[in-house]
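Colleague: Chain by chain, the residues run as shown.
Protein chains: 4
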Amino acid sequence: MALPAPLRGVVPPVCTPLDAEGEVDTASLTRLVEHLVRGGVHGLFALGSTGEVAYLTDAQRRTVLETVVSAAAGRVPVLAGVIDTTTPRVLDHARAAALAGADAVVATAPFYTRTHPLEIAAHFRRIRALCDLPLFAYDIPVSVHSKLSTDLVRELALDGTLAGVKDSSGDEGGLRRLMAALGGPDRAAQGAPGFSVLTGGELTVDAALLCGADGVVPGLGNVDPAAYVRLYDAARGGDWQRAAAEQERLVALFAIVDAGPEDRMGRSSSALGAFKAALRLRGVIERHDTAFPQIPLDDESVARVAKLLADAGLGAAR
Amino acid sequence: MALPAPLRGVVPPVCTPLDAEGEVDTASLTRLVEHLVRGGVHGLFALGSTGEVAYLTDAQRRTVLETVVSAAAGRVPVLAGVIDTTTPRVLDHARAAALAGADAVVATAPFYTRTHPLEIAAHFRRIRALCDLPLFAYDIPVSVHSKLSTDLVRELALDGTLAGVKDSSGDEGGLRRLMAALGGPDRAAQGAPGFSVLTGGELTVDAALLCGADGVVPGLGNVDPAAYVRLYDAARGGDWQRAAAEQERLVALFAIVDAGPEDRMGRSSSALGAFKAALRLRGVIERHDTAFPQIPLDDESVARVAKLLADAGLGAAR
Amino acid sequence: MALPAPLRGVVPPVCTPLDAEGEVDTASLTRLVEHLVRGGVHGLFALGSTGEVAYLTDAQRRTVLETVVSAAAGRVPVLAGVIDTTTPRVLDHARAAALAGADAVVATAPFYTRTHPLEIAAHFRRIRALCDLPLFAYDIPVSVHSKLSTDLVRELALDGTLAGVKDSSGDEGGLRRLMAALGGPDRAAQGAPGFSVLTGGELTVDAALLCGADGVVPGLGNVDPAAYVRLYDAARGGDWQRAAAEQERLVALFAIVDAGPEDRMGRSSSALGAFKAALRLRGVIERHDTAFPQIPLDDESVARVAKLLADAGLGAAR
Amino acid sequence: MALPAPLRGVVPPVCTPLDAEGEVDTASLTRLVEHLVRGGVHGLFALGSTGEVAYLTDAQRRTVLETVVSAAAGRVPVLAGVIDTTTPRVLDHARAAALAGADAVVATAPFYTRTHPLEIAAHFRRIRALCDLPLFAYDIPVSVHSKLSTDLVRELALDGTLAGVKDSSGDEGGLRRLMAALGGPDRAAQGAPGFSVLTGGELTVDAALLCGADGVVPGLGNVDPAAYVRLYDAARGGDWQRAAAEQERLVALFAIVDAGPEDRMGRSSSALGAFKAALRLRGVIERHDTAFPQIPLDDESVARVAKLLADAGLGAAR
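Chains as they are written, first to last, in this note's numbering: chain H, -13 to 304; chain U, -13 to 304; chain A, -13 to 304; chain X, -13 to 304.
Bear in mind the hints are in silico, worked out from the structure with no lab data behind them.
All of these numbers come straight from a predicted model, not from anything done at the bench.
Do not rely on the hints blindly, as some may be mistaken.
Identical copies go unnamed one by one, so any copy, or any two together, can satisfy a pair.
Cut-off 20 Å, straight-line C-alpha distance, at most; resulting in silico cross-link-like pairs (SDA-like, lysine to any residue) [said to hold, decoys possible]: (1) 133 x 100; (2) 133 x 155; (3) 293 x 269; (4) 293 x 247; (5) 133 x 159; (6) 133 x 244; (7) 293 x 169; (8) 133 x 249; (9) 133 x 104; (10) 133 x 248; (11) 133 x 284; (12) 133 x 250.
Work out the full structure, taking the sequences as your base and the hints as a guide.
Modeller: So this is what it looks like as structure tokens:
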């Protein structure tokens, strides 16, 4: 399907359910997509950080993307992460994404290597030139260890390289400056009418929308997509108190990310494990295993997730 | 005067005007305080990072604080930064602040040294025990190179060590989690009824207030205090669109911080110089010099500031 | 060929010559291997950071490894970098390396993701369990953004997971503590007799060998392998003054890494371009292009390389 | 006394013994100075990071310096740390140091603030201009969070601003490049004949001396000054194997820095507590308390220190 320009709304980064052998559980993934689409989301971001893209082999990435595209069945657009260290490797993923039927690709700046801003600009331009899909920049310094500057994103928005940015930098002030630099809500005035600003911050969606963001890519949206859609709709309707109240409820639910014991597993593993545990408890996916070498949530941690789900009034999703 | 509990509203970090010899220009500082109080601010934060506290000798810090307290004349509370590397040195500043008549003190975690969270907790408790003034924690990782954890701030809020936190971490999601951990807007329910959450982010004040923050400490508030007060009032009145519009205007004005040439001076020097240049152009202070070794704004940069002031419709303040 | 245990000596990270289309120039690579082997090196590290591994597609990695193994022809062992974000992806590379005939594999900790030390330990153990080749840990915080702790490396050395470590952390003190923890030069006493400590620091090889390191992986060794071998031999023979003098000469030559203009390209691109330019000037490889999106050295920069080569008395290598 | 140019040898950063009230224990400090001078050290660095300078009030700093100068009694030069956030505050300390009779001052780049390299250069030049004592730059990124570039140090060495650098960056390769840039051992050839390069790395002193460093500032030198002097003498005499053996013994002793429990105190507190515990056990100082808010070593940790002292054959020093 054609990607709306700008892309707006709730676009969850889709979790990747795994089976006992660590392979993609396509049946669970199909159910997850259904759960999200029925929740009212406006798009799907497959193979993002929350989708454990960094842990998936090329073959597994292909399986994920084909499954998501097939399950979405044209009802919402599918963005595909093409995450890898540098341009030549990203291009291999972009070609695979196009073949699998993705509607857009999402790329970070190079990582592992140390790269000059001019080289980062060349990176995005080359991807756009060689891949016939809209391109989103994924600004995630916690993973990539560099931050895309406002000037660079603006330049790449105005010259048509980028269709949007997914900002997971947590730098809300910087994002505000970017939106101002693009002409505020009326981006058309600056020559980037279709450019989409999406925030990765799942705890400040009301705030980001108030600031002029077009949409949100919330990991927690896997667990409760309908709540993010309600939040989004309240904000779009100008009912900010209602939006803030929905957000408050989701902030409380977000505590699941700390379910795992801090001294025995990483915070990222804990969060991804918690999203999957919640999806399993809600009956959407089969198992809550995360990809190796992440340490899985133990029973006590899963019980904590269950308690918080109950507090949020979330039962079986089907 | 007694500090309101919780402290709410606009509390600008007061700039420190300097004369040609680099000494505190008390006449200009007195006019600046008048400018802020007449702008409607709810408190003053003297000797913060924006006040160039790290560049002032102990004698100069004393002069600043006495001048601000005297000029405020009990109309608004005065918070005093007591910024230094560790507890014993902070305590010397806290004693001086009490003597000078400050209504509260604001301290960071230790810096220069590497400190364990348990040591940071002991640091704040000792300051509170030995200084008979309300204590705010100043969370500013860009300067201190460690972040106060949500758990630590919550613990120190609940046991009465802290009267509030001034969050300059830029981590709006973390701040949202802190407020949730303190029981949301109704903090009384959790036993911290007077605890105040202030954000240092001057570009997302509307968003922070929507998220439940009590107030804001905006460096740019030196230049246009009345606008921040309008923003605050709109938010308190539930007129979020109006609040966002005020914020948009201030985001545009904030571009003054990049007035100085990036290859010849630091971004911090550029921002502080720009605030002072704007205050000089508005007739509030005499000179726009920043403290040594900061490189001063050149004429071309000041012209950029003047242009942005004009765009914002800001003329002489008196 | 069987890998010596411990591996000792000079093991350059082999550059990857590219043709005008950005593809691997196998003829140049074959000549480079010959240049290194004739220079007396004790091993070859293909697909390391200096080999631009992060810029090579899987197909190109395979070509590089097959070329190096074939050109080495069993005269020296070939270590293969299997650099990727996490265990499942690293294992795919490890399988390819075994097929291509590598004598050992070299893996970093996971990157892009945030990983707990227990997860890092599991990562290395799984690689070792599923790949029938000796495994070296590659400690390169500048790329991976975490540091392998002395305790972890010691544990993985003693239980046989690791055959050695390639330390590019620059933390010489930490390396000294690791070697002490392994029992000093006589590692057998601690149960890790075959464990090899290699340093990636090309400017302090004399110092590292004095401290007890087994060998060195110097990027600059591509340009002048014989000098590193002379340095190594002097150190092994106890002639430390001679070793230091050889090192001094190489420190002067190392200035080529700054040949490229700082404002127009990254330092990594400048260094890799300079190594390649030097190899071209010495007649070893055809072109000095680096992989996209790295900005290539311009003529002026190449002239700087040529000047430093001449100062070091380095002419045509063949 | 006049400072040798260049300053060479072992210059320990003197610990600051405290009494039960947290005040400077001048009797213990006097004994410590005697212990160091009798151990053969070539200078004393008072008020460094190891001396807990960041934890001492201005009054305590004065007491420390007067005590050390008086106890040294002209037998060895005394360098005084003048550590503070920016130039105006550093200058206050520098004046106090001159009054107290220091032979040189040691300053870091500004910290807490964010400073441009041009501002850092101005900072050192202003200190030199206004303080009539030789000036050493203290490069300690772990505390200051910026690194002095080779180019900057070279420039300030050649123009006479700096008498030397104390490098605690751990970047031995960078230090090697600096020494090469200054003309190698024969610095006179480059116009900086009296410039002194001191390394703060206590685990690689043999290596640093082999690389051309003039001296070393080892925290562990408080505990066993004579061993560092033997190491230095061996290196100066060209007996590198003996130097390395002395270093090996000190690397083993250095394990005392991890005596304190990792989950209950900072690594810095553990190391400083261990140095002091060792000095107490050796009968040099009265108590092993560190300054507040550092958590003190418990009995179990002190027992660990005692065990390692015994392993190193270190008994009562008097």
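Colleague: State for each hint whether it applies.
Modeller: Checked hints:
no.	hint	result
1	133 x 100	both (12 Å within a copy, 17 Å between copies)
2	133 x 155	both (7 Å within a copy, 16 Å between copies)
3	293 x 269	within (16 Å within a copy, 58 Å between copies)
4	293 x 247	within (16 Å within a copy, 34 Å between copies)
5	133 x 159	both (13 Å within a copy, 18 Å between copies)
6	133 x 244	between (26 Å within a copy, 18 Å between copies)
7	293 x 169	between (45 Å within a copy, 18 Å between copies)
8	133 x 249	between (29 Å within a copy, 18 Å between copies)
9	133 x 104	within (13 Å within a copy, 24 Å between copies)
10	133 x 248	between (27 Å within a copy, 17 Å between copies)
11	133 x 284	neither (35 Å within a copy, 27 Å between copies)
12	133 x 250	between (30 Å within a copy, 18 Å between copies)
In terms of the numbered hints stated before, the structure departs from hint 11 and from no other.
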